[in-house]
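For this one, chain A is given, so just place chain B on it according to the hints.
Those protein sequences? They're chains A and B, same order as listed. 1 is the number of the first residue of the first sequence in my numbering; add one for each residue after it. 652 is the number of the first residue of the second sequence in my numbering; add one for each residue after it.
No lab work stands behind these hints: they were computed from the structure. Given the structure is predicted, the values throughout are model-derived calculations rather than measurements. Note that the Cβ used here is the ideal one computed from N, Cα and C, for glycine as well. Just to be clear, a hint being listed does not mean it is correct.
Stated by the list, open to error - Derived coverage of chain A by chain B (criterion: at least 3 residues anywhere in the stretch with Cβ under 8 angstroms from a Cβ of chain B; other residues may be distant):
1) 83 to 95
2) 261 to 274
3) 355 to 362
4) 471 to 484
What the hints assert, rightly or not - Chain A stretches covered by chain B per the calculated footprint, using a threshold of three residues with CB under 8 angstroms from any CB of chain B:
5) 127 to 136
6) 226 to 232
7) 235 to 248
Here are the chains, one letter per residue:
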Amino acid sequence: MTSREASPVLLGGTRSGPDTSPDRASAARPRVALVGPPNAGKSTLFNRLTGLRQKVANYPGVTVERKSGFHRTAYGLVDVVDLPGIHGLSPRSLDQIVTRDVLLGHAEGEPGPDAVILVLDATRLESHLMVAEPILALGLPSLVVLTMADELGRRKGQVTERGLSEQLGVEVALVNARAGQGLEKIERFLEALYTGGEEVRACPVVVAAEAEVGPRGRPLPVVDVFAARRARAQALGQAAHFQAPTPSKLTERLDSVFLHRVLGPLCFLAVVVVVFQSIFAWATPLMDGTEAVIATSGEWLAVRLPDTWIRSLVIDGVWLGVGSVVVFLPQILILFFFLGILEDSGYMARAAVIADRMMHRVGLQGQSFLPLLSAYACAVPAILAARTVEDERDRLATIFVAPFMTCSARLPVYALLIAAFIPERPLLGPVLGQRSAVLLGLYALGFLAAVGTAAILKRSLLRGKPSPFVMELPPYRLPTVKSIVARLLDRARVFLRRAGRIILAVAVALWVLAQIPQAPGGGPPPVADSALGAMGKVIEPVIEPLGFDWRIGIGLVTSLAAREVIVGTLGTIYGVEDEDETSLELQEALRQDLDLGSAVALMVFFVFALQCMSTVAVMRRETGGWRWPILQFSYMLLLAYVTAWGANALL
Amino acid sequence: MAACVNDRGRPVDANEDPLRDVRLADVPLDEEVILVRMDMAGDDLEPLLERGIVPGCRVCPVRHSPAGGPTVYRVDGSLVALRRETASCLCVRSALEAAGVLDPN
Numbered sequence: 001m002t003s004r005e006a007s008p009v010l011l012g013g014t015r016s017g018p019d020t021s022p023d024r025a026s027a028a029r030p031r032v033a034l035v036g037p038p039n040a041g042k043s044t045l046f047n048r049l050t051g052l053r054q055k056v057a058n059y060p061g062v063t064v065e066r067k068s069g070f071h072r073t074a075y076g077l078v079d080v081v082d083l084p085g086i087h088g089l090s091p092r093s094l095d096q097i098v099t100r101d102v103l104l105g106h107a108e109g110e111p112g113p114d115a116v117i118l119v120l121d122a123t124r125l126e127s128h129l130m131v132a133e134p135i136l137a138l139g140l141p142s143l144v145v146l147t148m149a150d151e152l153g154r155r156k157g158q159v160t161e162r163g164l165s166e167q168l169g170v171e172v173a174l175v176n177a178r179a180g181q182g183l184e185k186i187e188r189f190l191e192a193l194y195t196g197g198e199e200v201r202a203c204p205v206v207v208a209a210e211a212e213v214g215p216r217g218r219p220l221p222v223v224d225v226f227a228a229r230r231a232r233a234q235a236l237g238q239a240a241h242f243q244a245p246t247p248s249k250l251t252e253r254l255d256s257v258f259l260h261r262v263l264g265p266l267c268f269l270a271v272v273v274v275v276f277q278s279i280f281a282w283a284t285p286l287m288d289g290t291e292a293v294i295a296t297s298g299e300w301l302a303v304r305l306p307d308t309w310i311r312s313l314v315i316d317g318v319w320l321g322v323g324s325v326v327v328f329l330p331q332i333l334i335l336f337f338f339l340g341i342l343e344d345s346g347y348m349a350r351a352a353v354i355a356d357r358m359m360h361r362v363g364l365q366g367q368s369f370l371p372l373l374s375a376y377a378c379a380v381p382a383i384l385a386a387r388t389v390e391d392e393r394d395r396l397a398t399i400f401v402a403p404f405m406t407c408s409a410r411l412p413v414y415a416l417l418i419a420a421f422i423p424e425r426p427l428l429g430p431v432l433g434q435r436s437a438v439l440l441g442l443y444a445l446g447f448l449a450a451v452g453t454a455a456i457l458k459r460s461l462l463r464g465k466p467s468p469f470v471m472e473l474p475p476y477r478l479p480t481v482k483s484i485v486a487r488l489l490d491r492a493r494v495f496l497r498r499a500g501r502i503i504l505a506v507a508v509a510l511w512v513l514a515q516i517p518q519a520p521g522g523g524p525p526p527v528a529d530s531a532l533g534a535m536g537k538v539i540e541p542v543i544e545p546l547g548f549d550w551r552i553g554i555g556l557v558t559s560l561a562a563r564e565v566i567v568g569t570l571g572t573i574y575g576v577e578d579e580d581e582t583s584l585e586l587q588e589a590l591r592q593d594l595d596l597g598s599a600v601a602l603m604v605f606f607v608f609a610l611q612c613m614s615t616v617a618v619m620r621r622e623t624g625g626w627r628w629p630i631l632q633f634s635y636m637l638l639l640a641y642v643t644a645w646g647a648n649a650l651l
Numbered sequence: 652m653a654a655c656v657n658d659r660g661r662p663v664d665a666n667e668d669p670l671r672d673v674r675l676a677d678v679p680l681d682e683e684v685i686l687v688r689m690d691m692a693g694d695d696l697e698p699l700l701e702r703g704i705v706p707g708c709r710v711c712p713v714r715h716s717p718a719g720g721p722t723v724y725r726v727d728g729s730l731v732a733l734r735r736e737t738a739s740c741l742c743v744r745s746a747l748e749a750a751g752v753l754d755p756n
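The following block holds chain A by itself, in its conformation from the complex (with noise of 0.2 angstroms):
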């Protein structure tokens, strides 16, 4: 453990060293980092000290994200950043890596912080102060504080501020973050910061560097370290007069039920079924909503364009390739939403522990269900939800997984193919016809896609020992408002912004295609003789085997910016072809150039392909490569190539 000297207050910006961060406006600013384990109120805090005012990003090359906003006390703005959750400083974990980087000031583009605000649960003070020692140990000028006081109270615990403050050396202060009680010390601590006041100190307690090598210089066994550090976390806790509160009732109240038996199960599933439900029933009014909204403004906005080149590039290439992304935004929100709920409530550790059994079959961990079943909305949140992962190889699984879940961009193009090929037969009296056994069916087939790509890459590329599933169960509490709304600012930010870029490019590269060459008169070329329709003539001999004709090639190059685009660009495609003002219905138009087989195949090949820019772009971030992405498209790709083949060739 390396210690550093404690930095001296700064004083309006006297930084030393190169600045480089990214934000100019805030270099001179002090900047004070949260540190703390997971589920100790860090967010709460956050929120209560920045408001909404805050800003979401990566730390360059990792996954990890950065949360930033900024605090106003009465002599200044105070930057304010969000690290994420830890239980240690060992290089264990991402986290735990970006987290020491950060305070050591070795990040990327990020000078070390002037002070840090150890925020620990103090319900759970004495294995709290475990994770607090290694940070402490740094010697950065340190403000400890204690979350949680209105439920020590309420369950019969107690500590005093003083006593724990005597023995650290830095000031500490116990707050009721939610309810906005004790922050003061806090507000003088930032303060401080600009003033030079006495509460900006460093804790002088230096022992854990000495204590952690054993006679002869030799480190000791980590659980031996452990060991101490929980002693000497013990003996802080005496000396503050810490007495550990009660088991909470009402945890173990929910708990009786949330892993009862039979009941467990059941509101498992019932939350399952409330998520699913939401995302496809609940969603779609507002979805419908959204795409008038789109269509709507397109319109105005074409009406005030000139009739050139430019029009059309804005309104069919930008306008609507954006908008069909951002038509997923409300699906996306009210997901989030629930996993929100679930995630601050306290269930989510729960559902993990009921999925685990499942879960630990397919080689993955219990804290993969819920990325999953997110997939069904949407790859892209999925797979930034899979940062809940703990094990790196178990998360690189899940997100390897993620796109087979049916997502509901494959919807359309199911609707239409089911619609036009599949006739509706009943084929369990009325609960259950031929066309949603279809469904149903091709739902199943991306599921048993997912779970063996899972056990097989759990035995191949990512084998390893299985790591121990260690879950922490938070207590139960009431979600806020501001956490909520932060939470789902900040997703809706990272997907349009991650999938918009993407879409936005594709849109415009597909439009540019479609106009070339100029037809004589100028204008757009028929689509048969344009770069496009080249493109798909191009690749008609790869897909013939599979039943496609180079229409259906078109609409599976344009489908790569995001699935659901085939059914935009086949209907322009026969519309285009089609000379006779009454246009074929779409569905007819298929049937034309589709059998049963070729469309069975076309849907197969939609099941498991990675028809989706955006996933791989997210998944190019989240992996920190191309080798991750390229591997997925490939596979997914061959998959879906086989089994479409098969599926042509059999009926």
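Here is chain B on its own, set in the frame of chain A:
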């Protein structure tokens, strides 16, 4: 879980005071015990150690999850779920028996 090894990587001798070794996985619900030894390899240990599951700590199984899933334990005021295979690598002693011997309080 691979074969249990102790914290110095030595395989556990099955005959090592067999009478006194109880595995956490076999402790009945609501019986408080004290963790005495962790028979696991170093890498696997750390996630447990960081959550306060350290030799000397008091552990109490509070709830089995459905269908043989992980069991929930109370450890120093926190609730932690462990799979059976992990819990069976943790050697414990009854809190009553160990009182005054191992309990730092």
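Open item on the list: Can you tell me if the stretch 261 to 274 of chain A counts as covered by chain B, using C-beta to C-beta distances under 8 angstroms and a minimum of three residues?
Closed with: holds (count 4)
Task: Given coverage of the stretch 83 to 95 of chain A by chain B, checked by CB-CB distance under 8 angstroms (3 or more) - done: Three-residue rule met by the stretch 83 to 95 of chain A, so holds; n is 4.
TODO: Between the stretch 235 to 248 of chain A and chain B, see if three or more residues pass the 8 angstroms beta-carbon test, and mark the coverage as holds or violated.
DONE: Coverage by chain B holds here, the residue count being 3 at a Cβ distance below 8 angstroms.
Task: Per-stretch coverage check for the stretch 226 to 232 of chain A, three Cβ contacts closer than 8 angstroms to chain B - done: holds (count 5)
- [ ] Please count how many residues of the stretch 355 to 362 of chain A have a CB within 8 angstroms of a CB from chain B and say whether that reaches 3.
- [x] holds (count 3)
Open item on the list: Can you tell me if the stretch 471 to 484 of chain A counts as covered by chain B, using C-beta to C-beta distances under 8 angstroms and a minimum of three residues?
Closed with: holds (count 5)
Open item on the list: How does the stretch 127 to 136 of chain A fare against chain B when you require at least three residues with a CB closer than 8 angstroms, holds or violated?
Closed with: holds (count 3)
In this structure, none of the earlier numbered hints is contradicted; all agree with it.
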